[in-house]
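*Asks:* Letter by letter, the chains look like this.
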Amino acid sequence: MPSIHYDIAHLLGALVLLLSFALLYQRRLFALIKMFAIQSAALGAAAAWQGYIQDAPHLYVTAVLALGMKAVVIPVALHRIIVKLNIARTIDTALGVGPTMIAGVSLVTLSILLVLPVTSDVTALTREDLALALSVVLLGLLTMITRRNAIGQVVGFMSLENGLILAAVGVQGMPLIVEMLVAFAVMVAFIIFGIFFFHIRERFDTLDLHDLDSFRGESR
Amino acid sequence: MLLLAFAGMARQWLPRAHEVVHGGMAIVCGGAALAVLVRLAMGETGIDTLALPVGLPWLHANLRLDALSAVFLLAVNLAACLAAVFGWSYARHDDEPGRVLPVFPLFIAAMNLVLVADDAFVFLAAWEFMSLTSWLLVLSTHREDETPRAAHVYFVMASFGTACLLLCFGMLAGTTGDYSFAGIRAQPQDVVSASIAALLVLLGAGSKAGLVPLHVWLPLAHPAAPSHVSALMSGVMTKVAIYGLIRVLFDLVGQPLWWWGSILAVIGAVTAVVGVLYALMQDDVKKLLAYSTVENIGVIAIGLGLALVFKASGVPALAALGMTAAMLHVLNHSLFKSILFFTSGAILTATGERKLDRLGGLIHKMPKTALFCLIGSAAISALPPLNGFVAEWMLFQAVLNGPLLEQWELKIGFAVIGALLALSAALAAACFVRFYGIVFLGRPRSPGAEKAREVDPVMLTAIGVPAFLCIVVGVLPTLVIQMIEPVNRLVVGEGLLDAGGHGGWVWLAPASAFGNSYSGLMMFLTIMILTILAVFMIHRYASNRVRRSIAWGCGFTDPAPLGQYSADSFSQPLRRVFAGHLFRTRERVDMPAPGETRPARFTLESRDPAWDWLFTPITRVVGWISERVDALQFLTIRSYLSLMFFALVALLVMVAVSQ
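Chains A and B, in that order, give the protein sequences. 199 is the number that the working numbering gives to position 199 of the first sequence; each next residue is one higher, with no gaps. 549 is the number that the working numbering gives to position 549 of the second sequence; each next residue is one higher, with no gaps.
Don't read these hints as lab results, they were simulated from the structure. One or more hints might be untrue.
As the list claims (entries may be wrong) - Computed list of chain B residues with no C-beta within reach of chain A, every gap over 12 Å:
1) 27
2) 92
3) 468
4) 493
5) 548
What the hints assert, rightly or not - Sample of chain B residues facing chain A (criterion: CB under 7 Å; computed from the structure):
6) 631
7) 645
8) 652
Backbone N, C-alpha and C define an ideal beta-carbon position, used for all residues, glycine too.
Okay, chain A solo, but in the shape it has when bound (with noise of 0.2 Å):
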């Protein structure tokens, strides 16, 4: 394998990991689906280069679905609901941004020490994607739980997503239904917190769960 394409492939995952960063520390809903919608952008273009390396052409229609889907798709919908629910002006994370990237960085340290050693056996192309791929998704699952918001953990979820794609493309001989279960998956999730946040809103007038744990009954 020339090592421009383990290269590449490298930067690409790098790119989406840093992403990941972008969005845990991101405090503003606009620029939370920005980012969301550039680290898609970076999957689909991972997932091309890999097709391109690996040979295998089902992989550019998964690059097309996420960057349609995931970059374009949904980052438009979730704007929409923004401006249309008016919520464009609030947005506050849980932890402070310095707490959370160290936060960040060790979840990314324990996935590198994690997957290193488990896959020594297999080329480096993959091990070093695994790592990327699973660090995501831990970075993923941060964004779920320290934001308050609903569109933030929304977009935690999908970013979550990401990681996982970004696995299932760095593998050989992935078959290519996976890829569409995964993409139709953020399909009804979007939908169904789509048509969530309508009812809360209808309901409570607001998106802060922060404010929703009183409505059910135990209230603390």
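Given chain A's structure and the hints, the job is docking chain B onto it.
*Replies:* Using the frame of chain A, we list chain B on its own:
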């Protein structure tokens, strides 16, 4: 049996359902018992295995019949056959037979399945099925006040026991994941996991068998069921638990360690003494019998414990002695406990009373029941020439061999266990003198007891047959012991009579018993001759010289039957000596001052130390924990996500560190 269970369910459409069910069960179980008896009598020691293509895909339902299973199958099916015969007549007085009929065959089928299981899955499934069906049988009397609590306690204890067994088999199978017994036997066990497994099976099977302090459910649950079912639960289900103990400790774990056996023997000794003390203080016939079961399980556990110690110390001949005593007692206890529970059922049918203090004088009303019950009581009190004595005699022979062991703890411990065993035997005799005396002698203490009539011949047959067997086994014990020999060869490696016992079928004289020997037949003949002689002498020299005079009333002038010696009076001395501290009995006499019209009162309180010291603290801790954990149900979405996240990270860190 399944068919019969369905017949029981179809009771509404089948007018004679209970006769079909009980009659069918009697025939099926009788046939099974006979088949096993023939197999044992022929001395066939082969092992038959069978793999049914049901159950888990990678592990068929393995069944296996060896000598150990066969002896227990004999005990189970014999008692089940008798219980079915008894129930055939007894259940006629049951106003809601639909609660018992469908479950009764299933219960017996489950016990049989436990005995032939050859892998952990079949064993546990059958075990749990046995627990559930017996639980349903306990619940069949749910209208009585005490039953719901009894059923609840039983359910909790049964789940606990099964959980322990589950973990035990997990430890035994280890990392290979082979849950067939053949696989477990084949792989070597390391000391730690085998010890943990041994302790777990002690907890799991011990809670089912009723070893102190896990006995608390037994005296609640066993009496709650109908009498013939009580007989099965007490006489047989506890034996199935003993079978579980033997199967794991002697068969599956490989070479045992001596301290497992000493724990078992000590627990057994404590169980025997505590059980019989409880039995002495009960005023309910069936509760008394249930506590007496606890005592007998203790005796069996002593035998097993001794056998285990001797096996671990490499003296198989002595281990065979303890094992034979335990196995013989298993058979014996299923016989005489059947007699006694059937008697209690007969008494309940005839008088409608279960309280000792409301019975009395039944020997005149129910002479045949009284005779059979006398045989049962004498047998359970270990009086020669009956079967109870043979087992305890061998047990004492095993105890007396204790000084041969190397460990000084065992030398001293065996003496203590022997003393406790002797104490419990004596107390058991006192207990059954009290039982028999209060129930059958004296004058009736209630209108029900006064109007009692002898029960029908079917019930009498069910009581009489085990009484007859008690005498047969007692007089000719060697015949039965020869049937147990294959078990000894299987589990301890050497038969009792292999080392050149002498004396043939009349004298029981194992070489390991220091040249001591016992002959039930000689004892029987001696007692008969002495009795006839005594009767003759009395008639010849006393009766013929009758003087007519005013009868001495023994100071007995009060015509009210309540003025008689009562059950509480009988147990009072023993209660004061033994139970004052252990059970914290409090006697309070409330004597009205002269001139007052209120009646004098005597109240007696006693507490079960197992509840105070073990179960109440445990319940409190569980309650405390669940209150704290309850908060977990009311967290926010983010908290749940965080919990998952931190759990995931913690697991990943564990993986990373362990690499």
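*Asks:* Evaluate each hint against the coordinates.
*Replies:* Hints versus structure:
1. 27: Answer for residue 27/B: holds, closest chain A Cβ roughly 60 Å.
2. 92: 55 Å, holds
3. 468: At about 68 Å from chain A, residue 468/B clears the 12 Å cut-off, so the statement holds.
4. 493: 48 Å, holds
5. 548: 91 Å, holds
6. 631: 10 Å, violated
7. 645: 5 Å, holds
8. 652: 6 Å, holds
Checked against the numbered hints given earlier, the structure breaks only hint 6 and satisfies all the rest.
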